[in-house]
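Number of protein chains: 6
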Amino acid sequence: MPVAKPIEYEDANAEVRAVYDDIMKTRGSDWINNFWKYLAHDPKTLRRTWESVKEVMAPGALDPLVKELVYVAVSVTNNCEYCIHSHIAGARAKGMSDSMLGELLAVVGMANETNRLANGWQVPVDEAFKVK
Amino acid sequence: MPVAKPIEYEDANAEVRAVYDDIMKTRGSDWINNFWKYLAHDPKTLRRTWESVKEVMAPGALDPLVKELVYVAVSVTNNCEYCIHSHIAGARAKGMSDSMLGELLAVVGMANETNRLANGWQVPVDEAFKVK
Amino acid sequence: MPVAKPIEYEDANAEVRAVYDDIMKTRGSDWINNFWKYLAHDPKTLRRTWESVKEVMAPGALDPLVKELVYVAVSVTNNCEYCIHSHIAGARAKGMSDSMLGELLAVVGMANETNRLANGWQVPVDEAFKVK
Amino acid sequence: MPVAKPIEYEDANAEVRAVYDDIMKTRGSDWINNFWKYLAHDPKTLRRTWESVKEVMAPGALDPLVKELVYVAVSVTNNCEYCIHSHIAGARAKGMSDSMLGELLAVVGMANETNRLANGWQVPVDEAFKVK
Amino acid sequence: MPVAKPIEYEDANAEVRAVYDDIMKTRGSDWINNFWKYLAHDPKTLRRTWESVKEVMAPGALDPLVKELVYVAVSVTNNCEYCIHSHIAGARAKGMSDSMLGELLAVVGMANETNRLANGWQVPVDEAFKVK
Amino acid sequence: MPVAKPIEYEDANAEVRAVYDDIMKTRGSDWINNFWKYLAHDPKTLRRTWESVKEVMAPGALDPLVKELVYVAVSVTNNCEYCIHSHIAGARAKGMSDSMLGELLAVVGMANETNRLANGWQVPVDEAFKVK
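Residue numbers (this note's numbering), protein chains in the order written: chain L, 2 to 133; chain D, 2 to 133; chain Y, 2 to 133; chain V, 2 to 133; chain A, 2 to 133; chain H, 2 to 133.
Check before you lean on any hint, since a few could be wrong.
A pair counts as met if it fits within one copy or between any two copies, since identical chains are not told apart.
Within a straight-line C-alpha distance of at most 27 angstroms, the following computed DSS-like cross-link-like pairs (lysine-lysine) qualify [stated by the list, open to error]:
#, residue 1, residue 2
1, Lys6, Lys45
2, Lys26, Lys131
3, Lys55, Lys45
4, Lys95, Lys26
5, Lys133, Lys6
The hints are simulated quantities; they were obtained by calculation from the structure and are not laboratory data.
Only a predicted model underlies this, so the values are computations on that prediction, with no experimental measurement involved.
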């Protein structure tokens, strides 16, 4: 359960509405998901986070679907329930199929396993991997 | 520093050598990286982990480079030094450019940030994201 | 959902009641929050944890509100739902305003992000930061 | 060991130098710590992260020392070696004494312990803590 | 809430049914817990994970109850709600008493605390602990 | 590298020496490992942590070796280098063989993997696992 109430568009001040408007315009959507309605309690963090996410998730050297898959991978590793749901939805909207989700979770699981095997033995980095 | 000594090919038993041989053959390589030389202290885990990694990282619905990027994302989130180095090397070998690495780390950082913003406000999952 | 039933005052043994009494007396309160009612299944851990929390959270070089803010920061990083709720309540009782909560979560988010940027590049510690 | 080489001022392009200049000017300092010299491989992330950190860590409802203590708490929880060193240095520069550091780490340790006790028993949130 | 629907035996394909059959046969049970019904969306991961768990959790140098206690310890540290419930149930089935659970959680809590105290001071490994 | 210097016996005050003496007496040993020499910067935390560890790790419903194995499992999951080394040494001193270590790390790796598979699918807890 949340630690505050969401701030709906009609109750938002001008600063918050400006961000909400930009979110909807950028996404070609007519609604705002809950994440932003809670961040709105701290308008500077709302604005900064939205501007950062918009910049980071834009097409670049990596395509937006790959970026969403990475977002899901991190969220699953950290077990952020909200983020798992919202970014799986985002990835599906960008073309993630059911088989891609299955393989993604398999890689995330395996990486979490081998991370601990490497931790446990405290495996030293190979010379071949070091930056010269 | 490691909690045991690595098991080199010449000191390995037949079970371990069979895995080492398959690793080198599968990769078209003539060396074994340290991770496997420590797992070799537990030959069943060596074999099972290698078979699992081989299956999980093979081309499928996701291509091998995307899988390596996801591996790096998890390893960075967990701060596994060995895994960060070995999977960045693996991703570079599969085509990751410097710009791709920069963007990947930017996404990983942002996801770790918004995971905590969602945790902190305990944002409830939107109805729109729920599986019907 | 919990993995056991809470132990209420009327069902508690003398050892547990003594801790419950001290909690209420120390806080000037007439109720016990759930955390202690589950720890009561292991009376030694109940007593030890209460004594430790009482000592650690007492006024000292850091004031109690700052200590609660730090507690919230850790709980948000680990995503402990119970702890987020109970320590946000504790921080509010000690004077945390809504703006302070907003800024606190912003710092926690940012720290989680830059932790991963530092991990990802494996940034070496500057000479200037080393203890001489 | 790092996964790339640091980008020094004399080798940086104009975009990176502009950020380096602002860091030094803002801090009234004549050097740049390593974190930024690695982020410089991705100039957009360098600029965005610096702008974000500058905004988040500025005086506000929480004072800058408290924000640094929170940064240390998160970095210790995540075990980010670089961040522990750089933010302990930052906190000392803002007035953290040795006793404050000792108490801070005691709170961080205790919070990590009770987070797991709450997780283990899966303690349900008390009605009194819920937002009405 | 789950991100997909569970795959029940009657709706499962032959590959998935073969795993379900082996789970029930191995456990001498007539039902399948939810974990496997979601993994079934990715039949290769279902099969591989089941084979791995069966191998890892079998009696060996460590007895099965100790292995379940370790599984609970990891799941509590990571706060995986499903895993905490299923492995506490598994440990109880193998003989874990209420006092053993209480002590287990006490150790897990203490380890999470001292891990952060060691992180915070960045305590160097003693010569006596190093592998010669 | 550490964030402070260790406090050796000869430089310690009476409060710290009393704890050092009890550690050596309890263990039948003539040296103190580094962990305590750093905690000594905060004598109250030194004393409280030592008293807590002594109580938690004493023989009880779980035997001391099992407790050390659980400590290693948590430390590996969190990747606390110091703790991995010191508690593997502690476990060996209490009878952990090389095969036991291999199996322990295999269980820790597997638990970290399945924790994320359960997170990723957000698997709901089975009715059968719920406390009635």
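Hint by hint, here is what the structure shows:
1. Lys6 <-> Lys45: So lysine 6 and lysine 45 pass the 27 angstroms test inside one copy only (18 angstroms; across, 34 angstroms).
2. Lys26 <-> Lys131: between (45 angstroms within a copy, 23 angstroms between copies)
3. Lys55 <-> Lys45: both (15 angstroms within a copy, 12 angstroms between copies)
4. Lys95 <-> Lys26: within (17 angstroms within a copy, 37 angstroms between copies)
5. Lys133 <-> Lys6: between (53 angstroms within a copy, 9 angstroms between copies)
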